[in-house]
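J.: Using the hints, position chain B against chain A.
Number of protein chains: 2
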Amino acid sequence: MSQLDSHLEENASRHEERLMELLRIASVSADSAHAGDVQRAADWVAALLSEGTQLQVETIPTAGHPLVYAESPAVEGKPVVLIYGHYDVQPPDPLDEWLTPPFEPTVRNGAVYARGATDDKGQMLTHLLSTLAVLEVEGELPLQLKILIEGEEEVGSENLEKYVAENQDKLACDCVVISDSSQFAPGVPAVTYGLRGIAYYEVRLQGPKQDLHSGTFGGGVTNPANTLAKLLAALVDGEGRIQVPGFYDDVAELTEREREEFAGLPFDEAKFKKQLGVDGLTGEAGYSTLERRWARPTCDINGLWSGYQGEGAKTVLPAKAGAKFSFRLVPDQDPAKVTAGLRQLFEPLLPPGIEMELIDFHGAPGVVFPLESPAMEAAATAIEHGFGSRPVFIREGGSIPIVNRFAKELNCEVLLLGWGLDDDNTHSPNEKFNLGDFHRGIRSSAALWQQLSECGIRSAECGAT
Amino acid sequence: MSQLDSHLEENASRHEERLMELLRIASVSADSAHAGDVQRAADWVAALLSEGTQLQVETIPTAGHPLVYAESPAVEGKPVVLIYGHYDVQPPDPLDEWLTPPFEPTVRNGAVYARGATDDKGQMLTHLLSTLAVLEVEGELPLQLKILIEGEEEVGSENLEKYVAENQDKLACDCVVISDSSQFAPGVPAVTYGLRGIAYYEVRLQGPKQDLHSGTFGGGVTNPANTLAKLLAALVDGEGRIQVPGFYDDVAELTEREREEFAGLPFDEAKFKKQLGVDGLTGEAGYSTLERRWARPTCDINGLWSGYQGEGAKTVLPAKAGAKFSFRLVPDQDPAKVTAGLRQLFEPLLPPGIEMELIDFHGAPGVVFPLESPAMEAAATAIEHGFGSRPVFIREGGSIPIVNRFAKELNCEVLLLGWGLDDDNTHSPNEKFNLGDFHRGIRSSAALWQQLSECGIRSAECGAT
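Quick note, the sequences are listed as chains A and B, same order. Letter 436 of the first sequence, counting from 1, is numbered 436 in full-length UniProt numbering, and no numbers are missing. Letter 251 of the second sequence, counting from 1, is numbered 251 in full-length UniProt numbering, and no numbers are missing.
The hints are simulated quantities; they were obtained by calculation from the structure and are not laboratory data. Be aware that one or more of the hints could be misleading.
Because identical chains cannot be distinguished in the list, a pair is counted as satisfied if it fits within a single copy or across any two copies.
As the list claims (entries may be wrong) - Using 25 Å as the maximum straight-line C-alpha spacing, the simulated SDA-like pairs for lysine to any residue come out as follows:
hint, residue 1, residue 2
1, 209, 273
2, 230, 351
3, 320, 359
4, 320, 280
5, 337, 372
6, 230, 245
7, 209, 186
8, 274, 356
9, 320, 94
10, 146, 277
11, 320, 285
12, 320, 93
13, 146, 352
14, 320, 270
Chain A with its partners taken away, still in its complex shape (with noise of 0.2 Å):
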């Protein structure tokens, strides 16, 4: 075991307290309720960094929640990383359905529960444990490390998007690290070189100016619910197509090696069924599970309210009815003409007597970085030093839409590591992060930093598809 592996071994239990540390704080973005929280983890993050012998530490003020970044001296002739995370969470409703409270991180079989465990400060942390036990044990880095914690990747990231914009010098790179998406399996770790991209949405409908008795008003009104309903149930056909004009028009297609590729996978679709407590599966007709949640777009609706909520039956007319819902993007489809479908979707469907709000939230194309590059072959190497075990290649269904900005802004690659579980109740209730995985994360991290400084990329080879 080399010296570094060993010291991580021997601060084992000080990682974990860190970890725990950080959970503690319900840094929770969306949520201005939280706005306190959120500085307090951005704090916490800088101040860790500030251990780092070589690190410069700053905290840069953003209209919205701040960036924390740090930066290791230049190494001559070795490449130059960008580490990027989020110390910010989603909210933890609904709370009543945590066995042990969102920002109590609590221990079982394992694994640490909590909000935010896996998504994304548990991941993040490991390359800062890791960068900071390089620097205590070598006392250098072999390569120039620059460091990117936001606090906004939940709500959308548009300070950080207009801070990569602003700053291409500073943040110049030959390779980006993230770590904000799953393994394969328990076991089987991956290498993620495609993402989804989003385009999410809010819809509200306003009909009369306050609620009405259904009876005396019922069928002489337009109810906002039922057209709500209609707009909603317009969006995907029987056979799970989308029907927003042109939306499948810059869809690229699954290639047949991803298709073999992804058949051959150790994919157990009983388990999964059984795992997720449904009888049955369903989506876009003509492709397996697993293309459908990779490289396919969908389309979800993520909120829906309207009228009375209670207890009992309330025969209310309601004013007003409202929904989020959301579409996954792949390669090469455009949010904003997403978003230009959606209205000549929805505009023909509205009746006399509704108006429509429609808020565009936030949206992100989806990414595919190549298979064959030599950082991808660095990490193939230190995760397989870190967990035993060579890494699959795969695409992730979810969204990290600053992955395209660093792509296109900085010109270079992505590296998706993936310390997560596919059941780490990522967004959901009783959020978790196996701790065997923590504790992999960091030595596979220790590792890549070596053998990326050995792969002999320079920033003139990097760039993305």
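T.: Relative to chain A, chain B alone:
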């Protein structure tokens, strides 16, 4: 002016104070947290009736909220009249839309604003206060009154229906009088000869056993909110025709006379739209707005919920989705047939991975009484005395399920004498009742006991169609 009318005038303030007292009691029958308030309202009504020298008062426990019953002595050769009303109220949500708190009655522009002001505390009290006034002035009533006030009208009247079915002899009468509806317009009092029925449902869909990340799982798993939109959108077609199989089979069409009379009423559609704050009205094609509201069946979604309803964007694939929705029925539709048809409509639309629970809350058929009858004429004369103008004969879109029960179990006519107004915000925030109409209602009610005592109706002559 008669001695009775003078007495009513002199006691106007006392009558208003009585109304305010009852409105201060938050007797929300649908919410078990208010069970104590509902009991207090029952006690208050019983105490009021106990002031009537000739009234035998009892509070009758049920499996739910109690009934309050009072009876005056039989009068030889004169009819028996049953007064029905309810002391329970709708939930006050959404609370933040009330200008003044729902259970702190406040007078503005001659109207009292409070939950239950018009539905039904204010209207119901007119008959109780007129009865007490007659007893105070005359020492006796010109006919026998039976007074039955319940506390579960807003939750389906199940226990009252049971009580009526089991106590037909005790409640035997020639005619039932109910004030729980509206005038046609301010200054245009109305006798309502028809009511719509109702069939109220809640549908609950369960998809995956918990909320999931819509990126990681979207496209692979059936989304219950998407399915809910499909089910609800299938209820009504683009022409406003309800798609439940067999729904229109038993619908009694409007007569030519009715269509002509409705068309002759002073209904100002432009003003109606302005009052509701909408730029257009929709509903079943081929029928006028009044016809659609009074005499055609409808389907309205009353409540909707799923997933994330908070601020910002949460990328969740929800585990559950639900809705409350109801049909307004007309003679001769049967709620049980609607339930069967609804299952027939929904079941084929359920995709794999979704479980449906369909809750049948309560149902009642619609009802229409004959326009020509001595009791209708007596009511018209009494209202002319109280309001200064002869009433029009109209139908109402709302449901009073117990009306059907009275007509059927007691084999008698039901007089629906509405003192309220269409803009009283029944079931909505800022419910109100005009105090002028409150006093005119008391005056009409006092005259009604006299008119009915002289109209010559007897049990044998009464009967609903």
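J.: What are the numbers of the hints the structure violates, in ascending order?
T.: Hints 5, 10, 13 contradicted; others consistent.
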